[in-house]
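Going line by line, the protein sequences match chains A and B.
Under my numbering, the first residue of the first sequence carries the number 64, and numbering increases by one thereafter.
Under my numbering, the first residue of the second sequence carries the number 4, and numbering increases by one thereafter.
Mixed in with the good hints, there may be bad ones.
Distance windows between CB atoms, simulated [to be verified]:
hint, chain 1, residue 1, chain 2, residue 2, range
1, B, Ile15, A, Gly104, 23 to 29 Å
2, B, Leu71, A, Gly104, 21 to 27 Å
3, A, Ser116, B, Gly56, 41 to 47 Å
4, B, Pro11, A, Pro172, 30 to 36 Å
5, A, Gly123, B, His10, 16 to 22 Å
6, B, Asp30, A, Gln158, 23 to 29 Å
7, A, Tyr139, B, His88, 36 to 42 Å
8, B, Ala5, A, Arg135, 24 to 30 Å
9, A, Lys64, B, Glu62, 29 to 35 Å
10, A, Ser91, B, Pro11, 26 to 32 Å
11, A, Pro164, B, Gly56, 27 to 33 Å
12, B, Ser86, A, Glu66, 37 to 43 Å
I should point out that these hints are in silico values taken from the structure, not numbers from a laboratory.
Just so it is clear, CB atoms sit at the ideal spot from N, CA and C, and this is done for glycine as well.
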Amino acid sequence: KQEVTQIPAALSVPEGENLVLNCSFTDSAIYNLQWFRQDPGKGLTSLLLIQSSQREQTSGRLNASLDKSSGRSTLYIAASQPGDSATYLCAAAGQNFVFGPGTRLSVLP
Amino acid sequence: GAVVSQHPSRVICKSGTSVKIECRSLDFQATTMFWYRQFPKQSLMLMATSNEGSKATYEQGVEKDKFLINHASLTLSTLTVTSAHPEDSSFYICSANPLAGMTDTQYFGPGTRLTVL
Chain A
64 KQEVTQIPAA LSVPEGENLV LNCSFTDSAI YNLQWFRQDP GKGLTSLLLI
114 QSSQREQTSG RLNASLDKSS GRSTLYIAAS QPGDSATYLC AAAGQNFVFG
164 PGTRLSVLP
Chain B
4 GAVVSQHPSR VICKSGTSVK IECRSLDFQA TTMFWYRQFP KQSLMLMATS
54 NEGSKATYEQ GVEKDKFLIN HASLTLSTLT VTSAHPEDSS FYICSANPLA
104 GMTDTQYFGP GTRLTVL
C-alpha cells in the first residue's frame, strides 16, 4: 500500500529565501508525481507534474525533482514571496492516487 | 482519522448514458467538497467546488450542464456525468473540507475510474 509523507509539516521563512519541500513515497511503481498548492477553503491548484520517466520539471520559480529509486521528490521554490504562503501537497499516482499530508508554508514580508 | 468514500470505484458505461458518482464524508461533516479529474498523463485538475445547500462553482472550461453536482447534505455530494462520451473517460476524485473553524485540511476519496465505451 502506497504511503506518502511530507517534511517539514510546517515552514516559516522570510521573504526572498530559497526553500525545499520534501515528499517521500513507499511504492516506486508510480505513473507520475504531482505537486499542488492549497489555499484555505479552496480546491487544489496543480503546480507541477513529473512523469515516472522524468527527473524534474520547472515552472517559473518552481522546480520539482523525482527520484523513483529512492522514493523521493522535492519541490524547490526560489526567491519566496508572501504570495507563496499556502499548503503544498504532493501526490503519487499509481494504482491509487495517494496524497501526502502537506507542508504549510508561511513566507513573511 | 477523517475518511472520505467514493462509489463506485470503477464504472464502465456506454456512450450516451449518465453516470452518478457519490462522495461521502464518513465521520465528519463537510460544508465544502471538491471534485477533480485526471486524464491520463495529465495533472489532477479541479472541476468544481460543491457547497452544501447552494449551487456548485465550476472552473473555467467545465460544463455545468454536463457535470451536475448536488451537495444535498453535509456528508454527501454527487457528481453526475450526463450523456457521457469516451472523452469523459477519466479518473474522478473528490475531497471534503470539514466544517469551517475546524481545519483547512482536505480529505480525499479513493477516486472513481470512469470508462465510457
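Status of the hints after comparison with the structure:
no., hint, result
1, B:Ile15 / A:Gly104: 23 to 29 Å, "violated (35 Å)"
2, B:Leu71 / A:Gly104: 21 to 27 Å, "holds (23 Å)"
3, A:Ser116 / B:Gly56: 41 to 47 Å, "holds (45 Å)"
4, B:Pro11 / A:Pro172: 30 to 36 Å, "violated (48 Å)"
5, A:Gly123 / B:His10: 16 to 22 Å, "violated (39 Å)"
6, B:Asp30 / A:Gln158: 23 to 29 Å, "holds (25 Å)"
7, A:Tyr139 / B:His88: 36 to 42 Å, "holds (40 Å)"
8, B:Ala5 / A:Arg135: 24 to 30 Å, "holds (27 Å)"
9, A:Lys64 / B:Glu62: 29 to 35 Å, "holds (31 Å)"
10, A:Ser91 / B:Pro11: 26 to 32 Å, "holds (28 Å)"
11, A:Pro164 / B:Gly56: 27 to 33 Å, "holds (29 Å)"
12, B:Ser86 / A:Glu66: 37 to 43 Å, "holds (39 Å)"
Checked against the numbered hints above, the structure violates hints 1, 4, 5; every other hint is satisfied.
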